[in-house]
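Residue numbers (my numbering), protein chains in the order written: chain F, 1 to 621; chain G, 1 to 621; chain Z, 1 to 365; chain H, 1 to 365.
It cannot be assumed that every hint is accurate.
[To be verified] Capping the alpha-carbon separation at 25 Å, the derived lysine to any residue pairs in SDA-like fashion look like this:
| id | chain 1 | residue 1 | chain 2 | residue 2 |
| --- | --- | --- | --- | --- |
| 1 | H | Lys155 | F | Gln25 |
| 2 | F | Lys194 | H | Lys29 |
| 3 | G | Lys190 | H | Ala354 |
| 4 | F | Lys158 | H | Glu236 |
| 5 | Z | Lys29 | F | Val463 |
| 6 | H | Lys33 | G | Gly465 |
| 7 | H | Lys155 | F | Tyr48 |
| 8 | H | Lys255 | Z | Ala342 |
| 9 | G | Lys190 | Z | Gly165 |
| 10 | H | Lys166 | Z | Ile336 |
| 11 | H | Lys29 | G | Thr350 |
| 12 | H | Lys166 | Z | Ala342 |
| 13 | G | Lys158 | Z | Asn232 |
| 14 | G | Lys194 | H | Val41 |
| 15 | H | Lys33 | G | Thr350 |
| 16 | Z | Lys155 | H | Gly358 |
| 17 | H | Lys29 | G | Gly465 |
| 18 | F | Lys158 | H | Ala51 |
| 19 | G | Lys158 | Z | Gly165 |
| 20 | F | Lys119 | H | Gly345 |
| 21 | F | Lys441 | Z | Lys29 |
| 22 | Z | Lys155 | G | Gly465 |
| 23 | F | Lys158 | H | Val41 |
| 24 | F | Lys194 | H | Gly174 |
| 25 | H | Lys166 | Z | Arg273 |
[Said to hold, decoys possible] Short, incomplete list of chain Z residues facing chain H, as computed with Cβ under 7 Å:
| id | residue |
| --- | --- |
| 26 | Val176 |
| 27 | Asp177 |
| 28 | Phe180 |
| 29 | Ala189 |
| 30 | Gly271 |
| 31 | Phe302 |
Simulated from the structure, these hints should not be mistaken for lab results.
Every residue, glycine too, gets a C-beta built ideally from N, C-alpha and C.
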Amino acid sequence: MSSKTVERVDHVVIRFAGDSGDGMQLTGDRFTAQSAAQGNDLATLPNYPAEIRAPQGTIAGVSSFQVQFADHDVNTPGDAPDVLVAMNPAALAASVSDLPRGAIVIADSDEFTPRNLTKAGYTGDPLDDGSLDSYQVYAFPMTSLTVEALSSFALTKKEAVRAKNMFALGVVSWLYSTPTEPTESFIRTKFGRKPEIMNANLAALEAGWSYGETAEIFAVSYEVAPAATPAGTYRNITGNMATAYGLLAGAHRTGLPLVLGSYPITPASDILHHLSELKRFGVKTLQVEDEIAGITTAIGASYGGAMGVTTTSGPGLALKTEAMGLAVMLELPLVIVNVQRGGPSTGLPTKTEQADLLQALYGRNGEAPIPVLAARSPNDCFDAAVEAIRIATTYRTPVLLLTDGYLANGSEPWRIPDLDSLPDMPVEFASGPNAVDADGKPVFRPYLRDPETLARPWAIPGVPGLAHRIGGLEKADVTGMVSYDPDNHDRMIRLRQAKVERIPVPDLEVDDPTGTAETLVIGWGSTYGPISTGAQEARRDGVEVAHAHLRHLNPLPANAGDVLRRYRRVLVPEMNLGQLTVLLRSRYLVDAVGFNRVRGLPFTSTEIAEAITKFAQEGTL
Amino acid sequence: MSSKTVERVDHVVIRFAGDSGDGMQLTGDRFTAQSAAQGNDLATLPNYPAEIRAPQGTIAGVSSFQVQFADHDVNTPGDAPDVLVAMNPAALAASVSDLPRGAIVIADSDEFTPRNLTKAGYTGDPLDDGSLDSYQVYAFPMTSLTVEALSSFALTKKEAVRAKNMFALGVVSWLYSTPTEPTESFIRTKFGRKPEIMNANLAALEAGWSYGETAEIFAVSYEVAPAATPAGTYRNITGNMATAYGLLAGAHRTGLPLVLGSYPITPASDILHHLSELKRFGVKTLQVEDEIAGITTAIGASYGGAMGVTTTSGPGLALKTEAMGLAVMLELPLVIVNVQRGGPSTGLPTKTEQADLLQALYGRNGEAPIPVLAARSPNDCFDAAVEAIRIATTYRTPVLLLTDGYLANGSEPWRIPDLDSLPDMPVEFASGPNAVDADGKPVFRPYLRDPETLARPWAIPGVPGLAHRIGGLEKADVTGMVSYDPDNHDRMIRLRQAKVERIPVPDLEVDDPTGTAETLVIGWGSTYGPISTGAQEARRDGVEVAHAHLRHLNPLPANAGDVLRRYRRVLVPEMNLGQLTVLLRSRYLVDAVGFNRVRGLPFTSTEIAEAITKFAQEGTL
Amino acid sequence: MSTTNLHLDPTGRRPGLFGVPTLPEGSPKLTKKDFTSTAEVRWCPGCGDYAILAAFQSFLPELGVPRDNIVCVSGIGCSSRLPYYLDTYGMHSIHGRATAIATGLATTRPDLSVWVVTGDGDALSIGGNHLIHAIRRNVNMTILLFNNRIYGLTKGQYSPTSEQGKITKSSPMGTVDLPFNPVSLALGAEATFVARTVDSDRALLTSILRQAAAHRGTALIEIYQNCPIFNNGAYELLKDRDESAARLLRLEHGKPVRSGSRGVVRDGDGGLRIVDLDELGPDAESRLVVHDAHAADPSLAFALSRLESPEMAGVPVGVFRSVSRPAYDDLVRDQIAVAVDAAGGPATRDDLAALLAGNDTWTVG
Amino acid sequence: MSTTNLHLDPTGRRPGLFGVPTLPEGSPKLTKKDFTSTAEVRWCPGCGDYAILAAFQSFLPELGVPRDNIVCVSGIGCSSRLPYYLDTYGMHSIHGRATAIATGLATTRPDLSVWVVTGDGDALSIGGNHLIHAIRRNVNMTILLFNNRIYGLTKGQYSPTSEQGKITKSSPMGTVDLPFNPVSLALGAEATFVARTVDSDRALLTSILRQAAAHRGTALIEIYQNCPIFNNGAYELLKDRDESAARLLRLEHGKPVRSGSRGVVRDGDGGLRIVDLDELGPDAESRLVVHDAHAADPSLAFALSRLESPEMAGVPVGVFRSVSRPAYDDLVRDQIAVAVDAAGGPATRDDLAALLAGNDTWTVG
Ligand SMILES: Cc1ncc(C[n+]2csc(CCOP(=O)(O)OP(=O)(O)O)c2C)c(N)n1
Ligand SMILES: Cc1ncc(C[n+]2csc(CCOP(=O)(O)OP(=O)(O)O)c2C)c(N)n1
Ligand code: SF4
Ligand code: SF4
Ligand SMILES: [Mg+2]
Ligand SMILES: [Mg+2]
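In isolation and in its complexed conformation, chain F is listed as follows (with noise of 0.2 Å):
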């Protein structure tokens, strides 16, 4: 133990970054679950290149990720690393200019070479030249401390030169006194096949910690302490995981089986991946040629009784456009979730952003109206997953849910729900006639509504007496028989509108301390975290501002009109170019007013408090 003073910090933001190749998702992953175990709140962003591997060396080719812990609740990732782990010169380059003074960075001077810095754009080299003096600089040889602490293994240098991010982990836990045993742990399971290698990371891990603590060139330690989170279990869980477990949990609370249809894209693979491996309760996932295929075989899956769901991203929401409206005239349940990417085309796909809303709403042919939610938190997605199956049972309705590659990748500590307190959703198929005919005789009518939820009933296939036939032309009210009358047609139409419009969705709230603030902000979705964070920033510099954040865009809540009229003022930040706007202005004609960042990346909470402020001192931004 040396005797080093230990400072407390009450949050600390680290950014990993190196090259593609040099398994800086893995470390910070692995450092937040660290974080997380010692009771830390937190907030992560993993970023990295849209290519598998990028040109080794060269600022396209750095992966990164960020993480923002601390001992109070936080909701973003942090706007500038306190730390920046900088694992070659094109991971510093691409990061420096996000560093505020006096933030630390730690290099591996191993990779400063006159090669590697030409590669990132250096003449000269940035740990020699005085450009850093603004910062506290440790650099060390990572790499050859690496495999210097690995010599007496039998392993090639290659996969010795592999475990310097452990060696970085080592060293920044220790740095921040993070406990290293899930990750040592984690090494254990992985690597339980390949003892060399998984003995190899562990004494890395160690090496890197005891560097930390012997090599006498950081004056101090620091320390963050746990965060006063409620009662209860945790767990670290990233927005793709919790989208996976949402559907599982719902469906379990319906009884359904859970069929997944679904086609491969990021940054909503992972959902499949992890739904797939959930055979052990049933879960069918069906990786099929296409989203068309993936949304389709999800119909038939609801229609054969299961709970059919189809996940994709952007482009496949386009894709499966056409079915949806298929999705509507049929009154099936289905749920689609689209975990937004950067547009438009392609665009970018491993950026996030939040502009399918207005496709979500509308981007269907006639009048195809679907209940869209949004989760605003990786783990809300856990909540907003059961939500949709809820309403899509309950309504007989697809349901869109909106996430986006923030949330999808990025990760946060989750308290680990009882099962008991999810909401009760039972569901009953149609079993006999549920009307008479003219003649008296019990006859089943498929488009009879609830006279509540204006549901139809849900009648599969093999049960006795029940035969029907559906499909995508016009049905007739009650019958469901193809029908081209005009007044069925307008009639159908308005109610396939009532039944969505009528879901009770919950009350809007503000969060409006004072309860005197003339100025609203308002979001929806993953911008939950910096608008909130933004709007204490902004009071604490004196502004008052209420914050309200929708979860359902369809419908709106109740309420949402006589929020937004409550206020003087409606700022509305989006990553996009004002699509909430649209939707807000339409329905409830007030002047609110956009704060549109369209670059791939959250927003900053520093950014949203600085329009916060503007906004409410002079009404434009």
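Starting from the known structure of chain F, fit chains G, Z and H with the ligands onto it as the hints suggest.
Same frame as chain F, now just chains G, Z and H with the ligands:
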């Protein structure tokens, strides 16, 4: 010449109705041509079942064609027929509720057999039982009269019976004094190679005319004087044909060859049919495997330097949305024609609707702005298609042209334009470097924009020295390289948006005869006829109302906000649940109120007039 | 005719209707009428679809399956209206997607007998991809492909099976696209069961339906169907009594391939050829190709499929190929069963709770 | 090597590059470098795509076509990034649609040499329909299908060519889908030119590219490509020097199909079989199947395509089929030429005016 009275009337609405096999569309079409040839203004409404042949004799199997012809400007096919030609009981049953008191009913009594009456749902014979007492009923055995008239021809009975529609046309032509020459020459051309059939049809037509003249059953005959239309040469044209010709004429003015990639779909297929007849004009039509191939082959054609076009209807548009995003990213000219039909899903394929507006505006992943325009009448499809090509080529952008089933199949007289009167819109391909690089070397920058139009150069393969790569990933400004840079993405999103927003479109014109109306009725697309007529009717009833009609839905005319805000009340009739209403409210924050009917049929001018009157007086509907 | 039990699995190899319930012992036999819905049939007079519908309705009682366990999924087209006329569960879906919908349904419900009705446009144009993928996966469904070589419902444009040079509304100078041969395409896509028949040959269609029902996996039946309105007489040569005898090569497993006085022999270039038997001399019969529908290698079936053109000189009908390969949906269910077994039984509520918790938890408070 | 002139049409039959301009007489020969763009190549170290790119860039100068008349269209996938690395016109389009885009382009521009680069997912999964339709139409394009039997770009899910039982991120218990054999599928879709090669065999790839370029219509080249990251060693058996000699059956037109001590003979069931030559006795050579790439009937080519499985015991590489059939885009243009000729020349402004007027006009005023 008989000496019966000929009465002048200013307009007449005739509906020809019969079984799907009775040739009513042809009959209506021919009568239209005759009336057009004598200089009447007119508008038509064909209406037929979605099945190729719905069961004979049933109401579901009725096919009808309605035409209004007049001695003045008319914009609708009329609300209620003055004359119904009913070739069988089902045709009568399907139409009788639309007839005003005193209307003329001409029926083929041969078809009023017990079997047919039952099929049509009659328990008695309406020709006998007094139920038609409020109409002027002329029932005579058209079938046997036709067979008799053709007894000298070497025809089977079936062949002879098939000519009864010409007999009916002859009768009606006599009754309204319309010249049969256009029909005669049509018959000669159509059956030129089957002289027996040709002569039989001519004879049946003649027999019908003579029957009217000699049979003493009609007390009077009528005459509708020519309308005072602007000087020029006219023809009758349907919306689909006008669209096809507009595309050809537009391409002609740009100097580009026209290439259509399409997949058949009702009611858009006729555009494909018309264009596939135009090989002589160098038009290439590729009927491909699906709608996605339709748009992507068109993109390939545009990339190669042709005017790429794709045509479809609702469900097909839904399938094209992903590729529309690609076209936005590529910034290449492309015209997408969407002939709207009843939705959602397969919906009502042969019926009209205008519920694809929001899909047109917003139905793509990411921010993917596309100019959208809508034709207002069958012949306006020509001008709108020319305009679509002008915008596509000038701004290097996909353009969406909306028509609908009513326009597509409806027809009206069209003053044949002088080709020189069409806008001049030559296209210049890039031919050499357009910039210099850092070293002063001339280089080609595929995304360097024209400062005025923001269009990028159109550099087609084959031009030496301009080789470059484009694609669906985000492009770097100016260079067009792939870029994941956050600021570049934001900039490009805004540039693409600005390019579309800055397209100059003509100001919105308002028809406000007194200049003092406080109520504005505003519409778009094919509702022009019923709304303008309805507004006139309302004015006749003393209601002051202004009418404006949008052709450009994106971008909207610069003065649209001013216009809307000038009126105390704004009414928006639409054949959907209020899609333009969403747009106007969100854009201009005016409390526009929708008047919505989604019946698969055009509005009647009467219902518009009533809505206007109520809304102008009470402020609500 | 087959006496296989279509439902039970005594041998370990699953028969066609494995898992689908049978009618209760002693319950009255179903008849064609039981399979006739009340909806009015809306095809044109003379349409070949009528004959197919009638044969199908008459055949269905043979399955011995309760009506309610039969589902008919279709796309869009004249042919795709068929589900409305069948008094079973049915879905008239969207254009081209019936096979994908049926894939989802079959995988979800082993107790259903799933039928797909589609047209040449629906299956081979817009739906081509789903078709070939269903076939390679071998999903339990029988596909009735009504091939009238035209788009009927949209009023007469050429389809992917229209002969080259065909004049239609969208090809006034004749088409330039070479048509697909659906049998060859299916064999290229790893089909386990492919057959062809003609609308008017009820006996053959019925026998093929029977064999298809006995087949586990995807069975594709191409049915030459006349569209009197837009493509009348497309198969006239095969319907004329004299002509058809000469032109139709009725495939029977284990029998030489022949038709009247002509037979099929191997050709020099690796394919097959139709020759007059006289030409072959005295041992003609023995030199004819013997049909082997169960051959592991699809090459013979493929070679037979090539005989159809040009101009229907010899058109093989019957079952080209019928081999056994595990069905996709069975395998999906088997994997789940294995996973459940391996874990010691179906997942419980606690298992779900454990899953949600994972291995890396911490507890607060 | 072929000495055909790829550009001119002395015989009436259009050669591969008919209509595409040649480099001006005497202009300097192009080299690989001329076809190398400045974009950084972004594939993983060791990816098979590098070798294919290099072979392709080295081959292109042979065409004698100005760089600017060459267009490379791709879909989405690792492989589909290739156009960025080629200094020609190029389009990296959307997933699965490259063949359809190329169809539009080829039909519009007879003066371009059109190449499509695609992957097993891009071409056979989402793009399967466009692929088979391009093939049946025989549109002028050469398709390089990089088959690594995996979805590379999306990080390792199984593809339609992954072997059954393959464990991937989306198939933790192994896949249950039977893979496509791309050569069989193409032949079933009426292909006129189909070939197969291996990324590492530059000579073979180059020779196939040469033959494909000489072909008029759609040429499909399946290239076995290694993905060291997500499916390493998929073709290891074919790359090992000893193993590959035994396993690769190099198809050459007019030559017996053999590999080392083994050869291909006809099998009883209509297909082909690989046997040891010793087994065949003294006249072994003469009993081997002789490859006929130009056979009008695709049955032999199809039978050869079936040899690939199981387990790559004998994998035919080279050109399976190369036959002449008019290309779709030529026919489209020909029809236009005929229509123009029939009308006495290209339509004039007056013809357009007359068209707009039609036959049924009236005049007011
Ligand atoms: C997405 C979409 N595109 C196009 C159509 C129009 N459409 C309906 S059926 C059909 C083709 C029908 O041909 P086929 O499948 O051969 O059936 P048939 O009518 O000949 O029985 C087409 C193009 C549609 N309904 N949906
Ligand atoms: C519409 C759409 N769906 C899904 C994707 C995601 N995606 C991109 S490439 C790809 C598969 C790539 O596999 P393959 O074609 O074999 O190419 P490889 O990367 O192996 O070279 C997928 C599923 C996409 N870009 N667009
Ligand atoms: S159009 Fe042809 S296929 Fe369709 S119903 Fe009529 S006859 Fe049958
Ligand atoms: S993931 Fe595989 S196919 Fe893609 S670049 Fe890397 S090695 Fe090549
Ligand atoms: Mg058909
Ligand atoms: Mg691949």
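Numbers of the earlier hints that this structure fails to satisfy, in rising order: 2, 8, 11, 14, 15, 19, 20, 22 and 25
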